[in-house]
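Residues per chain, in single letters:
2 protein chains.
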Amino acid sequence: MLTDIVLDAMGSDKGPDPEIRGAIAACRQFPVRVHLVGPENMIRPLLEEHLRGERLPIHVVHASEWISMDDKAAASVRSKKDSSMRVGLKLVREGKARGFVTAGNTGAAMATAKMVLGTLDGVDRPALATILPTQTGSPCVMLDVGANVDSDPQNLVQFALMGQIYAQNVLGIPKPRVGLLSIGEEDSKGNALTRETLPLLRALEGEQIYHFIGNVEGRDLFNGRCDVVVCDGFVGNVAIKTTEGVAKLVSEILKQTLKATITSQVGALLSRKAFKNFKRRLDYSEYGGAPLLGVRGACIIGHGSSNEIAILNAIRVASQFAQADVARHIEASLSRIK
Amino acid sequence: MLTDIVLDAMGSDKGPDPEIRGAIAACRQFPVRVHLVGPENMIRPLLEEHLRGERLPIHVVHASEWISMDDKAAASVRSKKDSSMRVGLKLVREGKARGFVTAGNTGAAMATAKMVLGTLDGVDRPALATILPTQTGSPCVMLDVGANVDSDPQNLVQFALMGQIYAQNVLGIPKPRVGLLSIGEEDSKGNALTRETLPLLRALEGEQIYHFIGNVEGRDLFNGRCDVVVCDGFVGNVAIKTTEGVAKLVSEILKQTLKATITSQVGALLSRKAFKNFKRRLDYSEYGGAPLLGVRGACIIGHGSSNEIAILNAIRVASQFAQADVARHIEASLSRIK
Chain P
1 MLTDIVLDAM GSDKGPDPEI RGAIAACRQF PVRVHLVGPE NMIRPLLEEH
51 LRGERLPIHV VHASEWISMD DKAAASVRSK KDSSMRVGLK LVREGKARGF
101 VTAGNTGAAM ATAKMVLGTL DGVDRPALAT ILPTQTGSPC VMLDVGANVD
151 SDPQNLVQFA LMGQIYAQNV LGIPKPRVGL LSIGEEDSKG NALTRETLPL
201 LRALEGEQIY HFIGNVEGRD LFNGRCDVVV CDGFVGNVAI KTTEGVAKLV
251 SEILKQTLKA TITSQVGALL SRKAFKNFKR RLDYSEYGGA PLLGVRGACI
301 IGHGSSNEIA ILNAIRVASQ FAQADVARHI EASLSRIK
Chain E
1 MLTDIVLDAM GSDKGPDPEI RGAIAACRQF PVRVHLVGPE NMIRPLLEEH
51 LRGERLPIHV VHASEWISMD DKAAASVRSK KDSSMRVGLK LVREGKARGF
101 VTAGNTGAAM ATAKMVLGTL DGVDRPALAT ILPTQTGSPC VMLDVGANVD
151 SDPQNLVQFA LMGQIYAQNV LGIPKPRVGL LSIGEEDSKG NALTRETLPL
201 LRALEGEQIY HFIGNVEGRD LFNGRCDVVV CDGFVGNVAI KTTEGVAKLV
251 SEILKQTLKA TITSQVGALL SRKAFKNFKR RLDYSEYGGA PLLGVRGACI
301 IGHGSSNEIA ILNAIRVASQ FAQADVARHI EASLSRIK
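Chains as they are written, first to last, in UniProt numbering: chain P, 1 to 338; chain E, 1 to 338.
If you are wondering where the hints come from, they were derived from the structure by calculation, not from laboratory data. Every residue, glycine too, gets a C-beta built ideally from N, C-alpha and C. Be a bit skeptical, because a hint or two may be false.
Unchecked claim - Chain E stretches covered by chain P per the calculated footprint, using a threshold of three residues with CB under 8 Å from any CB of chain P:
#, stretch
1, 53-62
2, 84-97
3, 234-244
4, 247-253
As the list claims (entries may be wrong) - Restraint ranges, calculated between C-beta atoms of paired labels, are given here:
#, chain 1, residue 1, chain 2, residue 2, range
5, P, 202, E, 207, 46 to 54 Å
6, P, 200, E, 13, 34 to 42 Å
7, E, 115, P, 186, 14 to 22 Å
8, E, 335, P, 196, 30 to 38 Å
9, P, 207, E, 13, 38 to 46 Å
10, E, 82, P, 186, 22 to 30 Å
11, E, 57, P, 186, 39 to 47 Å
12, E, 202, P, 255, 52 to 60 Å
In isolation and in its complexed conformation, chain P is listed as follows (with noise of 0.2 Å):
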């Protein structure tokens, strides 16, 4: 049994070549059927010198239109009303598919999966999870990193539990351990709404969190002390965007203290296979892009920059998402707590 994915070829800022190389190399190595959609036109004549009479479970669905990085999401949402993100997303709604795969506008992904999915019973605002690398080289989600600001004590803790069901589910992580984002491991430390929060969080542990670690710090996201981190989108956002400007100021300045001496052009030559090792481990885009969790179906997000792999990984991740039922347990784990 095949599972079914869309695939928006018109997500990627090079879309839709890695999307093309990508689907080729999911159907090659995963049971999956993907279903590319975007101009037939653009796509047809591109997939089949890709193949070269190769015969692989891909099918091309027309889509007239598509949303750029640049469009502003809600008003791309509303005007594009044949776009690729939204004519894919209509064959998940009526079942006939039964997972997504975006590389394109992150706002726009999730206004358009909200509005043609619609959330799961007992979900107040479905959240964007992000996977983190960290220095023990087990992931670490975080969620929320979209765009749910000013969210309240119920928002995070069901960003916990749908955190917790991704970890188990997808991850493979039996008994995460849940972590509440905040600036101090006390309980006293935090803000308002995260001293809210905790408590409802502890009250949960042992039933329905299986292992809650409190508090937790930003520099816990990557040292591997937890495997699921709870924040506001405000927040998760700053975080993200953060660890970004980071990595690129790390990595520009050992470019350019490495190109400054000879001794250390050679010393770069000769460690080259050392940092392609270090770049990997440190590329997201291993773990697939980023979970939308909340809606009914399985909804991923990849990076604009994402590249046939993380095409390829995006669609493993959605498939799983979809093989795991990870939308009936959100709803059945948040049934539990009303």
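With the hints as your guide, set chain E onto chain P.
Coordinates of chain E only, in the frame set by chain P:
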């Protein structure tokens, strides 16, 4: 004329050794008189040993106690009445010195400074600023990174003015570009706090804030786009600890990957000079620690891991802070927006 600076001799993790060395180095390089505060029987012998008969303007001021990193801030400020921080800050309050430097417990230093020095007229909450390195090499002042949680728009406006004055008078940037930390550049992006603060800051543009660039994002902390970034203390603290976490992860992975192959061991050896340069450029201690803005006096809080160079730089910055009369400028600026 020498500028009198008080140095908490017992602040850093390895105190009083780095403090004594740093004080000696500072007195050799800058026109400062350093008041070293701590248990006299611990400090004097070490100081004599390091001075080897050299005559420098360093005074030892006795304090029988000190606050350690493990002490709870609020409790230790109350109970340790003869702590080196408290005795040292009293010298500033009494006009016997113009600036205070500690590499000790940040929470305790902030609480003691607020209590002993008091806040400036017009300042509702003093703010802790941090100086970040950027890709362009110019520093970026971010505040608050202390613990002013649940700030209101007026607090953020005061932070903006204080940060601007620090950037002008201590970092020597005539018209600092001031940004408001948010989750998107458009004015509509942000949470309730930033959306309320943005128009207040825009209204001060030109008159009180020379160059307001609107909303900025986490990545703009490190790309040199702005000189001053304003945020609530919860968000700032998360951002700064996330930065520490990413930096640690990156250097850990780099170390591991370089160790993994012999070729790269050789490479690493050859690149050593470059790495040293790299580390120095990322090192915060060059900027001398975190200034506490809004109290009556110049107060610099360094990292617990401060070495001699970090202490030297902190003394230099405290002296500039005092010389430039940052506190008086802050009062004057805030009185104009009443």
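Verification of the hints:
Counting residues of the stretch 53-62 of chain E whose CB falls under 8 Å from any CB of chain P gives 0; the rule of at least 3 is not met. For a cut-off of 8 Å, the count of residues in the stretch 84-97 of chain E with a CB near a CB of chain P stands at 0, and the three-residue condition is violated. Counting residues of the stretch 234-244 of chain E whose beta-carbon sits less than 8 Å from any beta-carbon of chain P gives 10, enough to reach three: the coverage restraint holds. Judged by the Cβ-Cβ criterion of 8 Å, the stretch 247-253 of chain E is covered by chain P as claimed, because 6 of its residues qualify and three suffice.
Judged by the Cβ atoms, the range 46 to 54 Å given for residue 202/P and residue 207/E holds: they are separated by roughly 49 Å. Between residue 200/P and residue 13/E the CB atoms are about 37 Å apart, so this pair conforms to the stated range of 34 to 42 Å. In this structure the hint that residue 115/E and residue 186/P lie 14 to 22 Å apart at CB holds, the actual value being about 21 Å. Separation of residue 335/E from residue 196/P is about 37 Å and conforms to the stated range, judged on CB atoms against 30 to 38 Å.
Between residue 207/P and residue 13/E the Cβ separation comes to about 41 Å, which falls inside the hinted range of 38 to 46 Å. Separated by about 26 Å at the C-beta atoms, residue 82/E and residue 186/P satisfy the suggested range of 22 to 30 Å. Between residue 57/E and residue 186/P the beta carbons are some 42 Å apart, a value that agrees with the proposed interval 39 to 47 Å. Range check, residue 202/E to residue 255/P: about 37 Å between beta-carbon atoms, so the 52 to 60 Å window is missed.
Comparing the model with each numbered hint stated earlier shows that hints 1, 2 and 12 do not hold.
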